[in-house]
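A.B. asks: Chains as they are written, first to last, in numbering that gives the first Met the number 0: chain V, 0 to 331; chain P, 0 to 262.
Everything labelled a hint here was simulated from the structure, so no lab data went into it. Since we're looking at a predicted model, the values are computed, not measured. Don't take every hint at face value.
[Said to hold, decoys possible] Here are the computed lysine-lysine pairs in the DSSO-like style, where the Cα-Cα straight-line distance is at most 27 Å:
id : chain 1 : residue 1 : chain 2 : residue 2
1  : P       : Lys116    : P       : Lys68
2  : V       : Lys240    : P       : Lys133
3  : P       : Lys115    : V       : Lys240
4  : P       : Lys117    : V       : Lys236
5  : V       : Lys121    : V       : Lys41
6  : P       : Lys107    : V       : Lys243
7  : V       : Lys243    : P       : Lys183
8  : P       : Lys133    : V       : Lys316
9  : P       : Lys117    : P       : Lys133
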Amino acid sequence: MEKINQTDKDLSGISRLSFDYRTLVPTFSAILALLVHLLIPKSPRYTLKPMPYFTYALIAVIVVTLIFAVISLFSQRIRSKYAYKSWFIGAVLLLLNLLNIATLKLMLLPAIYFPSPDRILKVFVDDWAFILKCLGYSLRLLATGYVIGALAGMTTGILVGWSKKWSYWVNPLIKIIGPIPSTAWVPIALVSFPTSFSASAFLIALAVWFPTTVLTSSGISNVQNSFFEVSSTLGAKTLHKIFKVALPAAAPSIFVGVFNGTGASFITLMTAEMMGVKYGIGWYINWQKDMLSYSNVYAGLIVIAITFSLIITLLFKVRDRVLGWQKGVIKW
Amino acid sequence: MVELTTGSIRAENLRKEFIQPDGQKVVALNNVNVQIKAGEFVSLIGPSGCGKSTFLRLLAGLTKPDEGKFTLDGTPITGPGYERGLVFQDPTLFPWLTVYDNIAFGVKIRNVYHEKKKEVQDFIRLVGLEGFEKAYPHQLSGGMAQRVALARALVNHPKVLLLDEPFGALDAFTRMNMQDELLKIWQERGTTMVMVTHDVDEAIYLSNRIFVMSARPARIESIIEVGIGRPRERDLPDFLRLRAKILQILDFAGKREEIQYYL
């Protein structure tokens, strides 16, 4: 069976022109959505003025998916990838279609809390510059806290994992302070720091610091002793053992800590922005919620989803580079 | 490529005790006095618990004796150092480093990498790992990994190479190959070799002298001069006679231990 498939592939590789019906699934799904959107009238109870953006977006999707379908005729590599993903893309478009029906066309959901897709798209058209600015603020805050927290966490983790003395004095502190969710510190942080920015950066740093510390120190204290013995017979001194043996050996564990810290930092960022910080995407969502402008809230959520997913992807890319030596690493 | 004849070892009144978890004292080595000449190949053989690994770890400087001392070319050994390379039964390669970087580890941390770059490549060739420089340890077979471990220790030009059952985990065929390669390296470089082994044939095949050790009391029972010309054949009468003799000593040592146990 496998062999037959193999020859199939080879043949299509030679003829270079091959069609897979699946590559048209996304286009069909988008056309279906467009037809529904254009032909079914909006609910009579829907009082807002309909916007053309959903139509534009669907046309854009149709054009793009068609381009992919055409490229797929020629390129074996893109065809197999695109055909594989096609059902999923088609289903997502169908979901948008259903959402449009449920909101704009039938108004099954209260329009104020569940805006139709065209309203959400309108937010991006009207408000993109401001949203981007808010995102910039958020990323600046996140990066400040994150970098400080991760570096502090690794430093504490190394000290505690390596030295008995540090472990004796610092470990109890970690055990007491660490498990407190950093958001519980909000009242204290807001009065202890000169600006809400520095207070929030501190909270994010704290959120990243704890898991990074714990997993760095456990990673380091779990490094097998023979690595240190071998390295010392190769001429390694204490600093070599820490930085050339303990740290790389503990890297997989440190990554897990940093990864946990990343999740915690997102939570803390949003909470901080909703509670005190001016500007930022969390602040934007909260502000728009107060104004009952839910389409802006959804736009903000979409921006957050995309941004945080990109950050996690980036983290895994870094992991793949740094920890490529491990067997069987998890794919993201 | 024969190196200068440094690497003579002397053990004086060595004693090492361990405290077991139940608080009992176990004497791992007692009153050990031996000398190993520069460039000599010595094997330590004996039942488990006879202190042969302790002997090696003391020599490596990984543990300190309770009494007496080891000296290398007259200088007392106080801690581990790159002039005494160590190869374990488990290759203990650093899994985050490639074959090349594992072998270059010693020269890199000693900050002599730029002068020794060519040598790293030479040692990769010496142990037959050309083409595997960029491989990671988990991609290597047991024999290949042990070659990397050998090269990693040798690139530091140790005066003494300490081998703790280096081929114990390899299959019989790979083991014999590795023994020949080790002999080749030894003959080329003249490094003093001290090897712990369970394998009587291996000890006879490789060594100038064999220290046969006994457990309880942990001491060197007998020192055997091998004195068979090289290259050695494993089925010559001299070889077999020596084998029988060592087995007899080991058996004797084992029996006495047993009697003590039952009393």
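A.B. asks: All hints are to be evaluated individually against the structure, with a verdict given for each.
C.D. replies: To see whether the hints hold, each was checked on the structure:
1. P:Lys116 with P:Lys68: violated (36 Å)
2. V:Lys240 with P:Lys133: At roughly 23 Å apart (the allowed maximum being 27 Å), Lys133 (chain P) and Lys240 (chain V) satisfy the hint.
3. P:Lys115 with V:Lys240: Roughly 21 Å separates the two Cα atoms, so the pair holds.
4. P:Lys117 with V:Lys236: holds (24 Å)
5. V:Lys121 with V:Lys41: Status holds; Cα separation ~17 Å.
6. P:Lys107 with V:Lys243: Satisfied, since the Cα-Cα distance of roughly 10 Å is no more than 27 Å.
7. V:Lys243 with P:Lys183: violated (32 Å)
8. P:Lys133 with V:Lys316: holds (20 Å)
9. P:Lys117 with P:Lys133: holds (16 Å)
The structure fails to meet hints 1, 7 from the earlier list, while all remaining hints are met.
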